[in-house]
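A.B. asks: So you can see what is in the structure, the chains are spelled out below.
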Amino acid sequence: MSPTPHVRIEALADDAWLLTLGDAIDAVSMARVHARVDDLRATAPAGILDLVPAYASIGVFFDPRRLGAGEVHAWLQSRLASDAARRRESGGACIEVPVAYGGEFGPDLEDAARELGMDAETLASRHAAAEYTVAMIGFAPGFPYLAGLDPALALPRLATPRTRIPAGSVAIGGAQTGIYPRESPGGWRLLGRTPLALFDPGRASPALLQPGDRVRFRPVDADAFARLGEVTK
Amino acid sequence: MSARGVATVEVLAAGPLTTVQDRGRTGWRHVGVACAGALDVDAAALANRLVGNPPGSAVLEFTLSGPRLRFARPTRVAVCGALVDAVFIEAGGRRSAVGHGRPVELPPGELRIGRLRLGVRGWLAIAGGIDVPECLGSRSTDLRGGFGGLDGRRLETGDRLPLGAVQVDRVRRPRAPAWWVEFDDPLPAEPCIRYVPDARPGGPSLDGSGWQLDPRSNRQGLRLKGDALAGPGVEAVSAAVAPGTIQLPPDGQPIVLMADAQVTGGYPRLGHVAAVDMPRLAQVAPGQWLQWRAIDAAESQRLWMLRRAQWRRLSHLLDERLPPYAVRATEFDLP
Numbered sequence: 001m002s003p004t005p006h007v008r009i010e011a012l013a014d015d016a017w018l019l020t021l022g023d024a025i026d027a028v029s030m031a032r033v034h035a036r037v038d039d040l041r042a043t044a045p046a047g048i049l050d051l052v053p054a055y056a057s058i059g060v061f062f063d064p065r066r067l068g069a070g071e072v073h074a075w076l077q078s079r080l081a082s083d084a085a086r087r088r089e090s091g092g093a094c095i096e097v098p099v100a101y102g103g104e105f106g107p108d109l110e111d112a113a114r115e116l117g118m119d120a121e122t123l124a125s126r127h128a129a130a131e132y133t134v135a136m137i138g139f140a141p142g143f144p145y146l147a148g149l150d151p152a153l154a155l156p157r158l159a160t161p162r163t164r165i166p167a168g169s170v171a172i173g174g175a176q177t178g179i180y181p182r183e184s185p186g187g188w189r190l191l192g193r194t195p196l197a198l199f200d201p202g203r204a205s206p207a208l209l210q211p212g213d214r215v216r217f218r219p220v221d222a223d224a225f226a227r228l229g230e231v232t233k
Numbered sequence: 001m002s003a004r005g006v007a008t009v010e011v012l013a014a015g016p017l018t019t020v021q022d023r024g025r026t027g028w029r030h031v032g033v034a035c036a037g038a039l040d041v042d043a044a045a046l047a048n049r050l051v052g053n054p055p056g057s058a059v060l061e062f063t064l065s066g067p068r069l070r071f072a073r074p075t076r077v078a079v080c081g082a083l084v085d086a087v088f089i090e091a092g093g094r095r096s097a098v099g100h101g102r103p104v105e106l107p108p109g110e111l112r113i114g115r116l117r118l119g120v121r122g123w124l125a126i127a128g129g130i131d132v133p134e135c136l137g138s139r140s141t142d143l144r145g146g147f148g149g150l151d152g153r154r155l156e157t158g159d160r161l162p163l164g165a166v167q168v169d170r171v172r173r174p175r176a177p178a179w180w181v182e183f184d185d186p187l188p189a190e191p192c193i194r195y196v197p198d199a200r201p202g203g204p205s206l207d208g209s210g211w212q213l214d215p216r217s218n219r220q221g222l223r224l225k226g227d228a229l230a231g232p233g234v235e236a237v238s239a240a241v242a243p244g245t246i247q248l249p250p251d252g253q254p255i256v257l258m259a260d261a262q263v264t265g266g267y268p269r270l271g272h273v274a275a276v277d278m279p280r281l282a283q284v285a286p287g288q289w290l291q292w293r294a295i296d297a298a299e300s301q302r303l304w305m306l307r308r309a310q311w312r313r314l315s316h317l318l319d320e321r322l323p324p325y326a327v328r329a330t331e332f333d334l335p
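In the order they appear, the protein sequences are chains A and B. full-length UniProt numbering puts the first residue of the first sequence at 1, with every later residue one more than the last. full-length UniProt numbering puts the first residue of the second sequence at 1, with every later residue one more than the last.
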């Protein structure tokens with residue numbers, strides 16, 4: 001993949017560069033970012049601490065005691081000049097996330113469906129029909145911003161955010177969908193909830209989802225939710 | 001009660017915001033995990049150095065005023081950061097002042113760390129280090145994630161902190177050397193913080209007008225109050241942010257991200273704080289005024305190198321002064 005006119009390398013901090021590969025939230029930029037992260041991870045010199053992909057950019061954090069800012073910049077430029085980063089054919093792993101839609105699990109499902117001019121079952125099934133890509137993880141440990149939402153399901157955020165959203169809540173905010181890993185405040189519209197632990201700092205792999213992973217939601221009923229909740233405890 | 005042989009510290013009063021911190025977490029930002037860590041890692045490393053701990057040992061960070069702690073055994077402590085009045089009360093009731101920026105040998109008793117002056121944050125190192133379990137490679141408290149440190153939260157009255165193993169000789173009275181370390185110039189009444197503006201031209205500038213620190217600031221971000229800046233008018237695509245990133249929300253009042261910041265953000269960026277001035281920024285008090293001065297990236301890097309050199313000199317000086325502790329810092333990775 002050759003560099004495009006959008007490519008920029010800017011100082012994000014004295015110990016970080018921001019590599020920007022596009023200027024919009026679109027599938028092409030995202031694929032380019034995830035392919036580029038794979039390449040950078042594979043070729044990173046000692047002293048590169050973190051690579052943080054987002055929709056169209058990658059944060060590159062380094063240890064300034066081991067690497068100079070100029071060295072890191074030169075490495076980034078040399079990688080951009082090479083064509084080693086090829087678009088991944090199938091993306092990352094595909095992870096199935098069971099979700100109980102509506103009722104106590106998704107208190108906004110009915111209202112949201114009414115706003116969108118459909119019934120609750122249709123909204124839930126259309127939300128579960130798509131395959132999503134983890135564009136980035138931010139806001140909180142393990143919180144995935146999922147791209148690929150059916151544009152007809154885009155919903156404005158709540159005017160007044162909730163102070164307390166249960167862990168595992170599956171929600172829509174604007175043109176994106178996501179999952180709250182931990183009880184927290186938030187303004188997205190709650191459609192359902194998963195019993196899976198999105199983030200557990202005690203696990204060898206603390207985050208269930210990684211940037212670039214694909215996600216499918218599988219609707220489950222309240223009994224299955226409770227059963228799965230027991231298993232994952 | 002603690003198991004036999006494991007030294008603990010009892011928290012008699014925690015203070016407004018006291019947390020366990022070390023140098024912070026790396027390697028997990030791509031899954032949303034913040035750095036956390038001491039807001040001045042140099043001050044924390046210095047405190048560790050003074051008590052004979054490796055530089056990355058966990059210390060207590062306190063805010064506005066410090067904790068009251070009870071030690072059941074003799075120990076060695078050092079307080080660094082903003083100036084603070086600290087008093088030690090022996091079992092018999094005898095009181096003595098505990099100096100700042102030097103190692104202090106303490107018999108069993110109570111340490112009371114009071115209100116901070118000329119700054120709002122301090123760090124207390126205890127010989128052996130705070131021995132909470134490592135979580136994702138660090139002992140730092142992640143307050144928003146609720147993990148690390150002591151159960152992922154600030155200290156509370158009644159907590160017991162485990163200490164790492166170290167044998168401190170029996171002491172009957174607090175003992176401290178006559179010398180101390182001047183870690184940094186005291187914070188001026190209206191500090192000037194240097195920053196590197198975002199490279200794209202035409203952006204709003206922080207220079208020239210005064211900004212006041214909003215009391216709603218915390219370890220995640222410092223909010224500034226002043227004449228509202230006009231934003232660039234376009235919403236940015238969310239991208240990685242870092243401690244030191246200066247964001248401009250729609251209300252025109254900038255936010256400077258600190259160690260507990262989220263890993264990505266969508267507000268337009270104005271630039272970043274020079275790394276060398278991050279510790280000073282952490283000392284600005286709520287309501288205090290500050291000024292900004294733009295410098296270029298090369299100057300920011302140069303200042304950082306100078307600070308490292310200053311540290312190396314300080315470290316050599318300390319080599320001559322510090323007694324041979326039971327546990328010596330094997331490599332004082334110059335902060």
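Please keep in mind that the hints were generated in silico from the structure rather than gathered at the bench. From a predicted model like this one, the values you see are computed outputs, not experimental measurements. Just so you know, even glycine gets a beta-carbon here, dropped at the ideal spot from N, CA and C. Possibly wrong hints are sitting among the right ones.
Facing chain A, a subset of chain B residues (Cβ under 8 Å, in silico) [stated by the list, open to error]: (1) H30; (2) V31; (3) G137; (4) L143; (5) P162; (6) S238; (7) A239; (8) V263; (9) A275; (10) S300; (11) W304.
Label pairs and their calculated CB-CB ranges [said to hold, decoys possible]: (12) A/G202 - B/R70: 27 to 33 Å; (13) B/D296 - A/Q77: 18 to 24 Å; (14) B/A228 - A/A42: 44 to 50 Å; (15) B/G208 - A/T43: 41 to 47 Å; (16) A/V231 - B/P16: 37 to 43 Å; (17) B/R200 - A/R66: 39 to 45 Å; (18) A/A224 - B/A298: 58 to 64 Å.
In silico negatives: residues of chain B with every beta carbon more than 10 Å from chain A [unchecked claim]: (19) A72; (20) D85; (21) R112; (22) G244; (23) T245.
A.B. asks: Please go over all the hints and tell whether each is borne out by the structure.
C.D. replies: Hint-by-hint comparison with the structure:
no.: 1; hint: H30; verdict: 5 Å, holds
no.: 2; hint: V31; verdict: 4 Å, holds
no.: 3; hint: G137; verdict: 10 Å, violated
no.: 4; hint: L143; verdict: 12 Å, violated
no.: 5; hint: P162; verdict: 18 Å, violated
no.: 6; hint: S238; verdict: 5 Å, holds
no.: 7; hint: A239; verdict: 4 Å, holds
no.: 8; hint: V263; verdict: 5 Å, holds
no.: 9; hint: A275; verdict: 4 Å, holds
no.: 10; hint: S300; verdict: 5 Å, holds
no.: 11; hint: W304; verdict: 6 Å, holds
no.: 12; hint: A/G202 - B/R70: 27 to 33 Å; verdict: 30 Å, holds
no.: 13; hint: B/D296 - A/Q77: 18 to 24 Å; verdict: 20 Å, holds
no.: 14; hint: B/A228 - A/A42: 44 to 50 Å; verdict: 45 Å, holds
no.: 15; hint: B/G208 - A/T43: 41 to 47 Å; verdict: 43 Å, holds
no.: 16; hint: A/V231 - B/P16: 37 to 43 Å; verdict: 42 Å, holds
no.: 17; hint: B/R200 - A/R66: 39 to 45 Å; verdict: 29 Å, violated
no.: 18; hint: A/A224 - B/A298: 58 to 64 Å; verdict: 59 Å, holds
no.: 19; hint: A72; verdict: 30 Å, holds
no.: 20; hint: D85; verdict: 34 Å, holds
no.: 21; hint: R112; verdict: 33 Å, holds
no.: 22; hint: G244; verdict: 5 Å, violated
no.: 23; hint: T245; verdict: 7 Å, violated
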